[in-house]
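> Please work from the sequences and hints to get the whole structure.
Number of protein chains: 2
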Amino acid sequence: MPELRKDPILGRWIIIAKERSKRPTDFIIEDYPTKGGFCPLCPGNEKTTPDEVLVYGREPGMPPNSSSWQLRVVPNKYPALVIEGELDKQAEGLYDRMNGIGAHEVIIETPEHEEHFTYLPHEQMILTFRAYRDRIRDLARDDRFRYVMVFKNYGRAAGASLEHSHSQLIALPVLPRMVSSELDGSLSYYRYKDRCIFCDIIRQEIQQDIRLVCGNELFVTVTPFAPRTPFEMWILPRQHSSSYIEQDDRTMAALTDIFSESLRRLDACIPNVPYNFVLHTQPLRSQPLEHYHWHFEIVPKLTSIAGFEWGSGFYINPMPPEDACRYLREAL
Amino acid sequence: MPELRKDPILGRWIIIAKERSKRPTDFIIEDYPTKGGFCPLCPGNEKTTPDEVLVYGREPGMPPNSSSWQLRVVPNKYPALVIEGELDKQAEGLYDRMNGIGAHEVIIETPEHEEHFTYLPHEQMILTFRAYRDRIRDLARDDRFRYVMVFKNYGRAAGASLEHSHSQLIALPVLPRMVSSELDGSLSYYRYKDRCIFCDIIRQEIQQDIRLVCGNELFVTVTPFAPRTPFEMWILPRQHSSSYIEQDDRTMAALTDIFSESLRRLDACIPNVPYNFVLHTQPLRSQPLEHYHWHFEIVPKLTSIAGFEWGSGFYINPMPPEDACRYLREAL
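In order, the protein sequences belong to chains A and B. Going by this note's numbering, the first sequence wraps up at 332, each residue one higher than the last. Going by this note's numbering, the second sequence wraps up at 1332, each residue one higher than the last.
Among these hints, one or two may not hold up.
[What the hints assert, rightly or not] Quick list of in silico lysine-lysine cross-link-like pairs, DSS-like style, CA-CA up to 30 Å: (1) A/K6 - B/K1193; (2) A/K89 - A/K77; (3) A/K193 - B/K1006.
[Stated by the list, open to error] Simulated coverage check for chain A against chain B, where a stretch passes if three residues somewhere in it have a Cβ under 8 Å from a Cβ of chain B: (4) 176-183; (5) 208-216; (6) 266-280.
Please keep in mind that the hints were generated in silico from the structure rather than gathered at the bench. Where is the CB? At the ideal position from N, CA and C, for every residue including glycine.
Written as structure tokens, this is what we have:
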């Protein structure tokens, strides 16, 4: 079973996922191994994945895991954390460990192997955002879990090991450090100002209009003031809300529109750039938070993490977000 | 001039180093461009680097920047931060920025282009560790700087853009988040236990003897309990001290021995693996700290940072440090 370990100085958690490497020199973390031209995510190969936990668009009367569907969610065949078992926390002298209980799922965003997420038709792309919502809602009922991290790795350089368009989620028994830092930071601003810092950011970005990439009735996309990489983008709902899973279908439709537009602009600037995106939302079963604001962060893979970044937590970014914004605006 | 920007939510600093990218699609951060077979770090090419700020082993009577030397330190030709100017802090609405004052230097560890740091003779390698000490001591006199980050990127995948053996340092006008987290974490342990957490870790590792890779009279090398990557190693002085720059030549010699042995063991496990190492030491001009303990962290480049790591601050590591330690012990 995988194991969670905490660095005793920084409080940073590590997942020791021994099962994912069979040999001492085999370190590539694969979602699924790709053998020759075989794709386990393609229709017809449903039996090569674990049983689906969610499906959209299956024809009536067809059995589970049969090959007619528009979107499927399946457990990861090589999970970083496993779903079975009770949480067991132990000390080892001054160290803390926990068994690796969690869920690790793959969202198969389209049946078409060749389709790019960026260019999915609206009616197909919206299913992905609905699937995130529906899966988090479902996993929230399991009180062993405190957070569901939803993310997409696009391109091999950004960590994707399969071509077929997919994203992932990992349900965690602890609150990740990055999430608690964000909650703490926004709470301390709220205590001082009595306002949500994200709402203030949106107001300032609309007023300044130098990092505002695009917008629609419900959302804005900005290049953040202190981006980690060139062309980093944040997609924020205009209206305050801390919880992604409370969003209705109208919001999902507007999110799909702005996501699609933002990714198309990025693709026009740097064709086929590898990227990661991550959903930021409140912890599971939390009350609505006045100080927190759900959003997506898109981080293109254009710079590398080296000694300086490891040691400092600083990032060196050669492109000011105002320049990136100008390129993105002019791209379409 | 480069600019420092702070993320208003996380307090994370970013260096916007526009000068390092000339064109919108040129994002590779180069220490120095390598053109054909030309190496700016090789003897004979001293005039292609900025003037040296430290040199060891120059023959008596030879002028600065001439071609007889054993180790040179020169300013980075494409610095992330620049040395000239006064610190200037400004607000932009709710955001904070600062002009990019700092120092960015390259430590050229040997005149021999083909030599690997790992296999440098003792008398050559020790110069690198002395140079770190001497440069930090010198930069500490500049009270615009609060920290000097010393690091090495080995191999292209770990961020090195030049083959010739070198490391780097960046003097910073702010305390990096990673450093202050480490200081905070060790201080809160100290307040609770009245002991240095690193001293406790060393005691526990020696007693458990399952993550202890090697040791000598003054140092131990361990695979840490919660490593970010396979074969991560920490080199720690047995005796408590928070400051690298207070170390004498006997300590430098013992450090050279254990560093060399640790890197050779790593190289025997995974030949020519790319890696980063970082010196962790107290902030400039700090009094000696009871709760902090200087050390080096070596992080091999064997896994990738993808969406999950960006979003969570968690790392997924397929190799338990006890296994890595066993491989490293048996390697030589």
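> Against each hint, give a clear statement of whether it holds in the structure.
Okay, the hints, checked on the actual structure:
1. Our distance criterion of 30 Å between C-alpha atoms is met by A/K6 and B/K1193, whose separation comes to about 18 Å.
2. Between the alpha carbons of A/K89 and A/K77 the distance comes to roughly 25 Å, so the proposed pair stays at or under 30 Å and holds.
3. Distance restraint check for A/K193 and B/K1006: the Cα-Cα separation of roughly 18 Å lies within the 30 Å cut-off, and the hinted pair is therefore satisfied.
4. Proximity of the segment 176-183 of chain A to chain B, defined as three or more residues with a beta carbon under 8 Å from a beta carbon of that chain, is established by the 6 residues found.
5. For the segment 208-216 of chain A, the stated coverage by chain B is violated: 1 residues have a C-beta nearer than 8 Å to a C-beta of that chain, whereas at least 3 were required.
6. Note: the segment 266-280 of chain A has 7 residues with beta-carbon separation from chain B under 8 Å; the three-residue rule is met and the coverage holds.
Hint compliance for this structure: hint 5 alone is broken.
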